[in-house]
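> Below are the chains, spelled out letter by letter.
Number of protein chains: 2
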Amino acid sequence: MKTIKSNTYARLCDHVREIALVQSIESLLEWDERTGMPPAAGPYRAEQMSHLAGRVHQLWTDPRMAEWLAELADSPLVADHDSDAAVTLRELRRLYDKKVRLPQKLVEELTRAAVLGQQAWAVARRANDFEGFRPLLERIVALKREEAAAFGFTDSPYDPLLDEYEPGAKTAEVSRVLAALADELVPLLTAIVNATPRAKGAGESTRKTSAAVRAGGDSALDGDFPLDVQATFARLVAEQVGFDFNAGRIDVSAHPFCTQLGPHDHRLTTRYSQRDMTDAIFSILHEVGHGLYQQGLPPEHFGLPLGEAISLGIHESQSRLWENLVGRSRAYWEWLFSQAQHSFPQALTDTTLDEFYRLINQVRPSLVRIEADEVTYNLHILVRFELEQELLTGDLEVADLPDAWHDRYHHYLGVTPQNHAEGVLQDIHWSAGAIGYFPTYSLGNLYAAQFFEQAEADLGSLDEQFRRGQFAPLREWLVEQIHRHGRRYSAADLVERVTGRPLSHEPLMRHFRRKFGPLYGMN
Amino acid sequence: MKTIKSNTYARLCDHVREIALVQSIESLLEWDERTGMPPAAGPYRAEQMSHLAGRVHQLWTDPRMAEWLAELADSPLVADHDSDAAVTLRELRRLYDKKVRLPQKLVEELTRAAVLGQQAWAVARRANDFEGFRPLLERIVALKREEAAAFGFTDSPYDPLLDEYEPGAKTAEVSRVLAALADELVPLLTAIVNATPRAKGAGESTRKTSAAVRAGGDSALDGDFPLDVQATFARLVAEQVGFDFNAGRIDVSAHPFCTQLGPHDHRLTTRYSQRDMTDAIFSILHEVGHGLYQQGLPPEHFGLPLGEAISLGIHESQSRLWENLVGRSRAYWEWLFSQAQHSFPQALTDTTLDEFYRLINQVRPSLVRIEADEVTYNLHILVRFELEQELLTGDLEVADLPDAWHDRYHHYLGVTPQNHAEGVLQDIHWSAGAIGYFPTYSLGNLYAAQFFEQAEADLGSLDEQFRRGQFAPLREWLVEQIHRHGRRYSAADLVERVTGRPLSHEPLMRHFRRKFGPLYGMN
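Sequence order for the protein chains is A and B.
Using the working numbering, the first residue of the first sequence is number 1, and each one after it goes up by one.
Using the working numbering, the first residue of the second sequence is number 1, and each one after it goes up by one.
Careful: at least some of the hints might be erroneous.
Said to hold, decoys possible - A few chain B residues facing chain A, derived, Cβ under 7 Å:
hint : residue
1    : Leu21
2    : Gly36
3    : Pro38
4    : Pro39
5    : Ala40
6    : Tyr44
7    : His51
8    : Asn246
9    : Ala247
10   : Gly248
11   : Arg249
12   : Thr259
13   : Gly262
14   : Pro263
15   : Asp265
No wet-lab data here; the hints were simulated from the structure.
Glycine residues also receive a C-beta, built at the ideal position from the N, C-alpha and C atoms.
Given only the sequences and the hints, what does the whole structure look like? Please build it.
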């Protein structure tokens, strides 16, 4: 009997590995589509991808899946809850149970609405036309309500949708922590706005530098940064923090991303702006954070829960940690700035480290999330998190969304969009049916700060290490504490396990005060 | 009844299109492997590819295939032999019949031997160790004999293997035409070797140029050609002759190739040598020839016989035509040379068009096929074509292959390799189980010259057009005469249909005499 069950377990794992293999091929099709696919190849690419998506669905809903899971439910394999097999079965059961609750028809309608929605969104955004997009968004919200109902929930219909991106998270708990964050963040932002803007170069205004602040621009630097030198520098930056190019590469795409095409195949992308190399560098540090998480997952478990990322929030914590907590720190640039000056002599020779540090850390309420700084970013998320909950519960109608958006931006950030393109139409997420996704960005920031504080407690001054270009201790700590466990723990359990405390807004606020106080003369 | 059969026909076509779709995904995996895949990703990539290969095999051997083909064999659809449906069924029947004749076990053993063979070949070539490679090659030859027997043949065991690459071709006929070619080629080569080497710059030897002939080197030019300028120039060259970048792109790989990833997705690769831009340019013109063939196939029939290339020989005729008959002509460089000088002023300003033209058309007996010139190339092929036939019939043992190789090179080219790496181990083909492939390279040269002569008869002086940068008439002629038919005609039928004569060595010899006579002062 025991032999039969362990054969069943092996068969189940082989089957799930096969699903992952097909998905990895789908990921290559998507990577290629976003990096270099010729324009005319689009329609056939959609056929190739939907063929594989259909195959994945077929494999997940194979009737043997239910049989295997049922047969193994009370087997000796699960006696020890912490064994690899028990963890694997727990996670596969969870995934399978969610998948089978959705009627095939709803899945198909959601897929179709998401494809049409993204196309309509792109058109509406260009035309600044919310009304043209409204019917499709209404359809998507209705389908997401149906989906929430099909999954089932006790407290909020938002719960099962959030759970798709952040397994185990509850809306009430996320609301509590983000509200606590906002309570301290809004006064801090007001203080920063009112503070002497030392970042604008007070006291140095008579000195011309090539890296002048662009008034109202979205870019810190304004120089001439040759693209091929930027590419070499980006690779250097990624290598220095430990990204393994033997199992990865960097390409160019309009929107930077990171994807995994196999246990040893991690693809980062960035984009290069001739006038500002920081765009590419912070994109690379962000994506490298994702890439290091993937490279730290146990490759022998690729495709199975023990080889997969826990949640989008934990994934994002790794990218934000390297982008912001490392990459925007003064210590990091004490290490890298002279190298940057060497690579870009024309653009950076007349810039001081202090100027540069202030330029990459300007805090300014703005309208567009993806251009926001470290501090205000979370307020952009809060707006979306509140609004998408209200859409789902029916407290807010899609027709009233633009007004609510304006009100909420005014409330949290003190700014008001002049058009829909820089307002409610700026993000693709809702048009693609991704409701419940946004809070994982802020969760990522919170996890990152809490992990980072613990890393510093365990490893001593990280600034000291960064100044010497030593990133291995931090990276290895992250592998040891987070990456190597795969999905063994939920995000909430992992945070408590690693830091000894539940998730809190305090580490992030401490980081903000410690960093921006001196920068804005608010000691 | 008729309705049922046309439904059957639609089902069959859908099934075959699905096979093509899965194969197109496999092609992307291979393209990525050869262009940019990180080294460590190799083993999983093999799993991804063999998964899809297994799926393709599964789809081909679906029992419904035999039923559908049997049901349609006597249907009204095939009454008109020239109808699209009749052509499609004829070709699918042919493919299916060959596939089902091979026992599953033999297919698997051949696949395994080919994978092991390629690995062993790479090691043996580096180590100049034929004996280490011999057992695997013996195994491969034995399996290819088995394969030939399984396919069945009347005249030569080489026939069914050749047929895999050049459907419908017969060994005796290919032997006849290549022997006729050799009878005239060997004396021509002797005459060239004995002729005054005007290509070496006689009468100009006192003048220094940046494009000096490298004594004994494999490269015509020796200058400084910045890689990014070469990439821009390669794209220009491809665009000028009509390659559609809306449905294609150029990447870099160690060995240039062309592949098709969908009806509107054509990928070329090349490689760049800093010291000689001709390597990249002729590679690009070669691959563009393949790409234009693919882009000229009817996309609506993608995956079905009417949307596929006829044979490797016809495919190669298109690449050789653009590489050699267009790209190595004086008229082409009368158009392009000043543009090349503009792009590479440092390397080319002191070179004249005449010098350049002679440099890219040096004829010299050599040891390595892929570095051979237009004239000697076919003698390299003849050596391989003779030897692989003898291996297959048993007239030659693998153990005796190196000696036979030396004798044959001495006989046809008057040169003798000093080691196996530049001798019998130089090509990957046999190690990968590709026996019957080599003659398609020479067939490509022969087809190309015969088509080109006919195009000139139909379109007037092509040189006149090339001088003005007009390539559309030739390209459109090729689409009209060759590409748009897909596999409607066999290669032999197509040649007769287009040129009014069966394949002959004469057009190629006429081309050689007309071109190299003046170049080598042999008028």
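> Going by Cβ atoms only, is glycine 36 (chain B) closer than 7 Å to chain A?
6 Å, holds
> So, as I understand it, the hint says proline 39 (chain B) touches chain A; can you test that by seeing if any CB pair is closer than 7 Å?
Holds. Min distance 5 Å.
> Measuring from the C-beta of threonine 259 (chain B) to each C-beta in chain A, is the shortest one below 7 Å?
13 Å, violated
> Quick check on the hint: alanine 247 (chain B) CB to chain A CB, less than 7 Å?
4 Å, holds
> Double-check asparagine 246 (chain B) for me: the hint is only fine if its C-beta lies closer than 7 Å to a C-beta in chain A.
Hint holds; asparagine 246 (chain B) Cβ to chain A Cβ min 5 Å, cut 7 Å.
> Given proline 38 (chain B) as an interface hint, is its Cβ closer than 7 Å to any Cβ of chain A?
Since the shortest Cβ distance to chain A is 5 Å, the answer is holds.
> How about arginine 249 (chain B): closest beta carbon in chain A under 7 Å, or not?
6 Å, holds
> Close enough to count: is the Cβ of glycine 262 (chain B) nearer than 7 Å to one in chain A?
4 Å, holds
> Take the shortest C-beta to C-beta distance between glycine 248 (chain B) and chain A; is it under 7 Å?
With a closest approach of 5 Å, the glycine 248 (chain B) hint holds.
> Quick check on histidine 51 (chain B) please, does its C-beta sit within 7 Å of some C-beta on chain A?
6 Å, holds
> How about aspartate 265 (chain B): closest beta carbon in chain A under 7 Å, or not?
4 Å, holds
> The hint names leucine 21 (chain B) as touching chain A; please verify it with the least Cβ-Cβ distance against 7 Å.
6 Å, holds
Violated hint for the displayed structure: number 12, the only one.
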